[in-house]
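*Asks:* Heads up: the sequence lines are chains A and B, in that order. Residue numbers for the first sequence follow this note's numbering, so the first one is 114 and each next one is one higher. Residue numbers for the second sequence follow this note's numbering, so the first one is 114 and each next one is one higher.
One or more hints might be untrue.
Which copy? The list can't say, so a pair holds if one copy fits it or any two copies do.
Cross-link-like lysine-lysine pairs, in silico, BS3-like; alpha carbons within 30 angstroms at most [as the list claims (entries may be wrong)]:
no.	residue 1	residue 2
1	K137	K216
2	K421	K286
3	K336	K305
4	K216	K385
Note that these hints are calculated values from the structure, not bench results. Remember, it's a predicted structure, so these values are computed and weren't measured experimentally.
Protein chains: 2
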Amino acid sequence: MANIKDVAKHASVSVATVSRFLNKKGYVSEAAKESIEAAIASLNYRPNQVARSLSTKRTNLIGLIVPDITNPFFPELARAVEDIALSYGYTIVLCNSDEKAEKEELYINMLTQKYVAGFIVTTNLLKAPHYEDVSVPIVALDRTINLSIPTVTTDNVEGARIGTAHLLACGAKNIVCMRGPVGLGLADDRVKGFIEATADKDVQTHIVECPFSFEASEKIAEKILIDYPDIDGIFASSDTSAIAALKVAQAMGRHVPNDLQIVGFDGVQLGKMVSPGLTTVAQDIYKMGAYATRMLIKMIEDTSLTEKNVTVSAELIVRGTTRKD
Amino acid sequence: MANIKDVAKHASVSVATVSRFLNKKGYVSEAAKESIEAAIASLNYRPNQVARSLSTKRTNLIGLIVPDITNPFFPELARAVEDIALSYGYTIVLCNSDEKAEKEELYINMLTQKYVAGFIVTTNLLKAPHYEDVSVPIVALDRTINLSIPTVTTDNVEGARIGTAHLLACGAKNIVCMRGPVGLGLADDRVKGFIEATADKDVQTHIVECPFSFEASEKIAEKILIDYPDIDGIFASSDTSAIAALKVAQAMGRHVPNDLQIVGFDGVQLGKMVSPGLTTVAQDIYKMGAYATRMLIKMIEDTSLTEKNVTVSAELIVRGTTRKD
């Protein structure tokens, strides 16, 4: 395979000139540029990325930290990040944190040593001081880490308001909100939207905390249907919790949507695979991943950000777990 | 942060000696080793991975090529690969190929330039000559690329035989096999198992080709239920196809499992989220990912493989889409 010396020889310039050309640093005459480009094409030369990252102190690797890629929300997010990253010549290092600060720190340390160019981080941790001293750009996705880190989130309050309003419009009068973990910003915002939508309405409401995992949601949904046998609506803070509630309700002989209506939040593909299909407040997961990636690459490439915090609208998707008006 | 010169100075040895020590190449006296180790610990020195990968011509990055991370099988596989890789100090670069040879080649070229240490590849491509000249180790996962590449697969013939036998034991007499793409090894093997299990039995069978995507499976399942209104069993070559068939059957008023029984293949988490839960032939996805990763790391680290081709057993999981005997 051709190396930088071959290119210099073929282009009749010095190795230093080729290096300046490749790293886009320092002066290279137009004539030299042309002969180097011709030499690169004719020799089918591929610059060695590791050697280049040493001189530019940068690779085109982006670390993507997610709680767990097997949670249905994150493959769709990872897909968007990878698609956009690739179109700019970047690749993605996948990191599952299991919501543990130690694992997030381990990955940050391992990848910073490899001159990773930046991080996109989705963390459930309520306190994340280990992001404060990181020497490369970071964009927070789906959750706010702290005010100095640029962030892409869904408008969770408005989304929850729309989802709850739909339940009310379809006739629900006695509604449980399965809310996400207390203290987690997006979960708090979704409860806020639920409360705003029901505040001055003639409905009974109950709020029950529920983690995002399927197994935990199944147990809590079962308890809800026993404790509150008269409810006719559930607004869940995630599609996974909503689908767990659907499964439990059907197993307990409740008809969805005639007897009990359910609205989820997230918009994962899974929602259209269940029967009946899940009515949900869909985040634009792909758009969020794409925004975050473009913002990060701008920061990596020293382009200034026009917006530091981007909020993406959510959209109601009506399927079969709510009644047609 | 301490650099290699600080370590050399602290240990009273030359930089070259520290470098030989770090790269495990060339002679370093026992006394020098001890003082370098002490210096590294006392200075909290972390070797710069990019600089080291230049001298050892190797990074601890593993490229993971999958068709599409949003297909529910692959997040579970990616999770296993990442867990095991991390325990050996390797990290994963995620690559979605969309089953396109060009995209697989692009990633191989990009990552080989970055001195990726090896690849784990899941490809649906029937011909994949672009893997022949790759200069780093490769392990094929879930599908065989060619005979020279070590492979981890499920025993698909046996798995399909067990799944079909269960349908028969539960009383199905008129069964459609929704088979995967013709020519794809694992899909061919699953049909083989289906045929073997039904060959000498008093049952009617039909074989219909169906891709693995949910949308395509929905359309094909609908056509099957119209073309063959008398069927009482479906054996699907993937859980996604099976779940599409379940949804379509329920929408068309067929009762599952009383009127129609369904068995899937894969064992993804999704199968337990639908109602009724999906009876399926479960691959041990985590074990497959873990095996493949350990094999690849052995190859990267020049340890000989005891087995070149590993076959993992599949296991029947009985849930609600088949009748209790």
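*Asks:* Against each hint, give a clear statement of whether it holds in the structure.
*Replies:* Hint by hint, here is what the structure shows:
For the homomeric pair K137 and K216, the shortest alpha-carbon distance between copies (27 angstroms) is at most 30 angstroms, but the shortest distance inside one copy (36 angstroms) is not. For a Cα distance limit of 30 angstroms, the shortest separation of K421 from K286 qualifies neither inside one copy, at 40 angstroms, nor across copies, at 62 angstroms. For a Cα distance limit of 30 angstroms, the shortest separation of K336 from K305 inside one copy, 23 angstroms, qualifies, whereas the shortest one across copies, 45 angstroms, does not. In this assembly of identical chains, K216 and K385 lie within 30 angstroms of each other by CA distance solely across copies; the values are 29 angstroms between and 33 angstroms within a copy.
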